[in-house]
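Line order of the protein sequences matches chains A and B.
Position 652 of the first sequence, counting from 1, maps to 652 under UniProt numbering, and the rest follow consecutively.
Position 9 of the second sequence, counting from 1, maps to 9 under UniProt numbering, and the rest follow consecutively.
Mixed in with the good hints, there may be bad ones.
[As the list claims (entries may be wrong)] Going by beta-carbon spacing under 10 Å, a handful of chain B positions derived as facing chain A:
{"no.": "1", "residue": "E23"}
{"no.": "2", "residue": "E24"}
{"no.": "3", "residue": "K36"}
{"no.": "4", "residue": "S39"}
{"no.": "5", "residue": "Y45"}
{"no.": "6", "residue": "R48"}
{"no.": "7", "residue": "I74"}
{"no.": "8", "residue": "I115"}
{"no.": "9", "residue": "E132"}
{"no.": "10", "residue": "R148"}
{"no.": "11", "residue": "K150"}
{"no.": "12", "residue": "L157"}
{"no.": "13", "residue": "K170"}
Everything labelled a hint here was simulated from the structure, so no lab data went into it.
No residue lacks a Cβ here, since even glycine has one placed at the ideal position from N, Cα and C.
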Amino acid sequence: MEQHAPQSLPPRPNPSHPGVMAVDITDNFWAAVKTLAPGELVKDGHFTLFESVGALEIMDPKMDSGCLAEGESLDEEYSVTRDLLPEEVLGIMDQLLCLEMAWHQGYPLSQTLLTSVYVEVLTKTHPTTIEEVTFTGSSETEKNLPTLLFALKAYCIGLLKGCDFVNELVKDELYYEEEDFVTNSFGRNILLYDVELRPVNDMLQKARAELRVMNNKPSKDIAMALDIRLELRIAFLRAMELSALRTANPESLKMPWIQMHGLIEHIKKQHSLGKPVPDAFSTKLQRRLASTLPPRPIVYLSFEETHEHFRRLFKDGKEIMDVLKYSDPQSLLTFVSTFQARKPQPLPCIRTLLQNLMFKDNVFLGSYTIRQLIDHDLSIVSLPCATQLDLANDTIEVPTDPRHRTSNEMTIFRQRVEECYLDVFRIFCQNRCRVRRTLCHNIQAWDALQADVEEIDTRLQELLAEKPLQTESGSVGYSLPLSSWAYLYKLRQMEWIVQLGFELSVYQTDELAGMYWYVNYLAKTRAQHGDRIKTFVMRSLTASRASNSYTAAKDREYMRTLSYIRATMLDAACTWEFADGLCCLYTVLNRLGLIKSPPRPYSNDALRYEIRMKPFMTIGLPQLPTFDEFTKATAQPETAVDALLTYAESAVGGAKKGYEALSKMTDGQTFSVGCHGRWLANVKDCLKAAISAGIAVTTLQKTIAKVGDGGELKLKVEMPEAGKGYHDWWIVPKIVPTG
Amino acid sequence: MEVARVTELPGELRYIQYEHVLEEQYLPAIRALISKDLSEPYSIYVYRYFLYQWAHLCYMALNPADNSLIGVIICKLEPHASHSPPTHRGYIAMLAVSSAYRGHGIATSLVKMSIDAMAERNADEIVLETEETNLPAMRLYERLGFLRSKKLHRYYLNGNSAYRLVLLLKPMSLGEEHQSD
Ligand SMILES: CC(C)(COP(=O)(O)OP(=O)(O)OC[C@H]1O[C@@H](n2cnc3c(N)ncnc32)[C@H](O)[C@@H]1OP(=O)(O)O)[C@@H](O)C(=O)NCCC(=O)NCCS
Numbered sequence: 001m002e003q004h005a006p007q008s009l010p011p012r013p014n015p016s017h018p019g020v021m022a023v024d025i026t027d028n029f030w031a032a033v034k035t036l037a038p039g040e041l042v043k044d045g046h047f048t049l050f051e052s053v054g055a056l057e058i059m060d061p062k063m064d065s066g067c068l069a070e071g072e073s074l075d076e077e078y079s080v081t082r083d084l085l086p087e088e089v090l091g092i093m094d095q096l097l098c099l100e101m102a103w104h105q106g107y108p109l110s111q112t113l114l115t116s117v118y119v120e121v122l123t124k125t126h127p128t129t130i131e132e133v134t135f136t137g138s139s140e141t142e143k144n145l146p147t148l149l150f151a152l153k154a155y156c157i158g159l160l161k162g163c164d165f166v167n168e169l170v171k172d173e174l175y176y177e178e179e180d181f182v183t184n185s186f187g188r189n190i191l192l193y194d195v196e197l198r199p200v201n202d203m204l205q206k207a208r209a210e211l212r213v214m215n216n217k218p219s220k221d222i223a224m225a226l227d228i229r230l231e232l233r234i235a236f237l238r239a240m241e242l243s244a245l246r247t248a249n250p251e252s253l254k255m256p257w258i259q260m261h262g263l264i265e266h267i268k269k270q271h272s273l274g275k276p277v278p279d280a281f282s283t284k285l286q287r288r289l290a291s292t293l294p295p296r297p298i299v300y301l302s303f304e305e306t307h308e309h310f311r312r313l314f315k316d317g318k319e320i321m322d323v324l325k326y327s328d329p330q331s332l333l334t335f336v337s338t339f340q341a342r343k344p345q346p347l348p349c350i351r352t353l354l355q356n357l358m359f360k361d362n363v364f365l366g367s368y369t370i371r372q373l374i375d376h377d378l379s380i381v382s383l384p385c386a387t388q389l390d391l392a393n394d395t396i397e398v399p400t401d402p403r404h405r406t407s408n409e410m411t412i413f414r415q416r417v418e419e420c421y422l423d424v425f426r427i428f429c430q431n432r433c434r435v436r437r438t439l440c441h442n443i444q445a446w447d448a449l450q451a452d453v454e455e456i457d458t459r460l461q462e463l464l465a466e467k468p469l470q471t472e473s474g475s476v477g478y479s480l481p482l483s484s485w486a487y488l489y490k491l492r493q494m495e496w497i498v499q500l501g502f503e504l505s506v507y508q509t510d511e512l513a514g515m516y517w518y519v520n521y522l523a524k525t526r527a528q529h530g531d532r533i534k535t536f537v538m539r540s541l542t543a544s545r546a547s548n549s550y551t552a553a554k555d556r557e558y559m560r561t562l563s564y565i566r567a568t569m570l571d572a573a574c575t576w577e578f579a580d581g582l583c584c585l586y587t588v589l590n591r592l593g594l595i596k597s598p599p600r601p602y603s604n605d606a607l608r609y610e611i612r613m614k615p616f617m618t619i620g621l622p623q624l625p626t627f628d629e630f631t632k633a634t635a636q637p638e639t640a641v642d643a644l645l646t647y648a649e650s651a652v653g654g655a656k657k658g659y660e661a662l663s664k665m666t667d668g669q670t671f672s673v674g675c676h677g678r679w680l681a682n683v684k685d686c687l688k689a690a691i692s693a694g695i696a697v698t699t700l701q702k703t704i705a706k707v708g709d710g711g712e713l714k715l716k717v718e719m720p721e722a723g724k725g726y727h728d729w730w731i732v733p734k735i736v737p738t739g
Numbered sequence: 001m002e003v004a005r006v007t008e009l010p011g012e013l014r015y016i017q018y019e020h021v022l023e024e025q026y027l028p029a030i031r032a033l034i035s036k037d038l039s040e041p042y043s044i045y046v047y048r049y050f051l052y053q054w055a056h057l058c059y060m061a062l063n064p065a066d067n068s069l070i071g072v073i074i075c076k077l078e079p080h081a082s083h084s085p086p087t088h089r090g091y092i093a094m095l096a097v098s099s100a101y102r103g104h105g106i107a108t109s110l111v112k113m114s115i116d117a118m119a120e121r122n123a124d125e126i127v128l129e130t131e132e133t134n135l136p137a138m139r140l141y142e143r144l145g146f147l148r149s150k151k152l153h154r155y156y157l158n159g160n161s162a163y164r165l166v167l168l169l170k171p172m173s174l175g176e177e178h179q180s181d
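Based on the sequences and whatever the hints tell you, model everything.
The following block contains the structure:
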C-alpha cells in the first residue's frame, strides 16, 4: 500500500494562544474508560486511513522526532561560526550541491537543504532583507565574518534564492506535489522569498572579490574552486531571471545555461579538493519545523550522480529556449513531445519552465494570443485559407451579417476548445506516468468537445452555404472542419495512451498481440480520417484556384495543409503497418506456445478486456470494438501460422519503407521545425525496431520451414528489458534457438 | 540480508483468520514481519485501522510446530466512491511471508483466501499497489489474474514508482460514467 503520510500536515496548535480555552478532561476520561474491557478497541467514525498513516507513536524513535536517546540533546551542537578550513568550505558547498539536486528530484527541503546547519541558522529568524540573514544573529558582528565564512554564507544565500525561483516557477504551473516535487517550505522563509535579488548578487560578487584579495590562505586551486562555485550561483540566478524575458533573443537567454554547463565540469574536476564536514548536516533540524512528521533520513546523492543531473539540467535549460523560436503549433507539439520523451525525463523544474515559456500569463511564447495559436493550428490541419478564420469577420457589426455570425461562432468554438487544447501541451510536460493517466481523462473531454464542436460546424455550414460532397461512391457529407480537427487530436491522444502503456511496461507479454492490434485499429482510423480531411481540402483548393482571387500566398497555405496531411497519413500508415506486423507475430508466438499465459484462475479474457480498455470504453468515436470483435481480430483463428507470418513480414516491411521515407523528409514537411534532430532520432529508432521485428519474423519462418509440420521448434522468446529495446513504443521480441 | 531458505515446509501450515483476541499474541509479529520490507514503519494505528474493521479479510500462515507467524495478508473492502456508480472495492494493503519460507506458495494461498473472502462478500474488484521493482509480488498477482492498470510515479517514500494492479471480479455495469483514476 501507499507508504506516505502527507508531507505537509497542519502546524501544531498553540495551546497558550489567548483564543484557546483549556478544559481538564481527566474525569470525563476516567469515567468513559470504565465502560470498556481491557484491550477493547474503539474506533471513531472519522478516523480514516489517511489519519492512521499520519499518526505517530510517541516515544518510538522512528516516529517521534522529539524522542531522545540517553544523553542526547534536542538541539544540534554544531556552531556555525567555528573556524573552517578552505577545503572544508569547499566540501560543504559540494554537499549542499548534492542536497540541492536531491530537492530537484522531488525530495522535501526537510530531508535535503534544511539538514544543513548553515541553512537552518540563516533562515531561522524569518529574514525579509539580506541584512537579516545572518550566522551570528546580529548585523554588527556579521560585518566581521571571516572571508571564508562570508563566502559560504553568500553561497548559501545564492543557492536558496535560486531555489526560491524554482519553487515559485513550479508552483505556477501544472505539476504534482509530492510526486514530482515538494514545494512545502514548512512554514518558514527558507528560500528567502522576500529577499531581493540585487543584494544577493552583490553579496556573491563581494565574496568573490574578497576571496581574491584574501591573505594567502587557501591554495590557488581551492581559491579557484570556491570562486567557480560562487560564479555558478550567480549564473543560476541570471538564468532564472532571464527566463522571464520571453521576447528576448533565445540565444541570449541560453547564455547562463551554457556558462553553467561549463562550470559544472570544472566543479566536478575540483570536487576532490574539498573535504566533507558531515557534522554540518543533521536530521535533528527537522524537529524545529512546523510539521508533525516523523524524522526522515537525509537524502544522499553521490557527487557523480549530482554532477550528471546538473549537467543534464543545464543542457536542458539551454535547449528549451529554442521553444521560443516559434514556427507553427504542430512543430511546437513535436518539440514538446520529443523533448519530454527523453530518458531520463527532464527534471520538474525544466518541465515547468517549458510550460512557463509557452503559456505564462496566457501570452503564448511571450508574443502571441491563444487565439493566434488555435487559428494557426486550424489553418494547418483542416482550414487553409478559410472564411472561418478571416480576421475581417470581426469588424462586421451588423448582427445579421453571416460574417458577423461566423465570427461569433468561432469565438464560441475557441472558448470551448481552449482549455482542452492547451492541456495537450501541458500534459506532455508531466512525468510519463501522469502523461498517460491524464491523457485518459483528456480523451473523455475531447470526445465531448468533438460532439459540441460538430454543432458549431453545422451552424457554420449553413451560414457559409456549404454543399455536401458527392463522389462516385456516394455522399461524403459535409466537411465539418472544426470537429474533424478535434477528432484528429483525440485519435492521436488515444494512440499515445496505448503507446505509453508499452513504454511504461503496463502490459503483460501475452497481451501484446491485442494491444498492437488496437494501435493498428486506431492508426488506421486516423489515416482514414486524414484522407477525409484531404478530400475536403482538395475541394476547397479546386474551387479557390478557379476563382480569380487565388494568390501565391493562398497556394502556400493550401500546400502546407496538404503537406501536413501527407505527413500525418504517412506516420499513421507506418504505425498501423508496424502494429499490424507485431500483432501477427505475437499471435503466432501465443499460438505456438512460445509465449505462455499465466493460469489466472480468478479472471477471464472478457473481464480483463474491460480493465484494459476502460479508458476507451465510453469514447463515442471510434467506438471500442466489442470483446468478440477484438478477440477474433487478434487471434485470427482462420488464418494459418504461415499466412500470419507472411503477412507480418510484409507489414513490417511496409513500416520500414515508410520510416525510411519519413526520415528523408525535411523539417518543414514533417512539422518538426526547431526539433528536427530529436524527431529524426525518434523515426530512426522506430526504423531500427522495425528492422529487428523483420529479423524475428524471418527467424521464425525459417525455423518452421526447416522443422516442418508438427516438429519441435527448439526456440525461445526473449523479451527486451523495459526501456532497453530500440524504441519504447515498439516492443520487439528476440527469437533465439535453444540448442 | 540473505536468509537461509528452508527446502521443506515444517509440515502442513495452519492458515487462520485474524481476530481481535489474537492481537496480543500476533500483532507484534505481524508488525515485525511487514516492517522488514518497509523503509519506514507504520504506526500501530494503521494496523488497527485495518484489523479492527476487516479482521475477516486478514489471514495468517502459522508454523504448525510452534504456531509462530510465517505469513500474513491484510485487506479491506468498502465502497469506492470516486466512481459513479461506486464499486465495492477490495484492497490488499499488506502481504508478507517470512523470507526463509518464500517460494512455497504461502503468499499465493494467503492471497487466494482473501480474494475468496472478498468475492463472497460481493466485491466487484480488488486492487493493490506494488513497487515497480517487486517482480515476485507482480508475478504472484498476475498469475492469479490481476492486470497492471497504471503506473504511479514516485509513489513510495524511497522515490520508487508503483504499479496499480486490478482484478475485476464482475463485469462493470455498462454505460457507467468512466473514470480512469
Ligand atoms: C511477495 C511475497 C509475499 C511472495 O511470497 P511467497 O510466499 O514466496 O510467494 P509464493 O510462494 O506464493 O510465490 C513465489 C514463487 O513460488 C512459487 N510457488 C508457488 N507455489 C509453490 C509451491 N507450492 N511450491 C513451490 N513453489 C511454489 C511460485 O510459482 C512463485 O514463483 P515465481 O517466483 O517464479 O513467480 C514475498 O516475497 C514477500 O514477503 N516479499 C516482501 C513483502 C512484499 O513485497 N509484499 C508484497 C507487497 S504488495
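Now the hints, each set against the structure:
1. E23: Holds. Min distance 7 Å.
2. E24: holds, 7 Å
3. K36: violated, 14 Å
4. S39: holds, 7 Å
5. Y45: holds, 4 Å
6. R48: Given a least distance of 6 Å, the restraint on R48 (chain B) holds.
7. I74: Hint holds; I74 (chain B) Cβ to chain A Cβ min 9 Å, cut 10 Å.
8. I115: holds, 6 Å
9. E132: OK, holds: E132 (chain B) within 10 Å of chain A, min 8 Å.
10. R148: holds, 5 Å
11. K150: Where the cut-off is 10 Å and the nearest Cβ of chain A is about 6 Å from K150 (chain B), the hint holds.
12. L157: holds, 5 Å
13. K170: Status holds, d = 8 Å.
Against the hints set out earlier in the document, a violation occurs for number 3 only.
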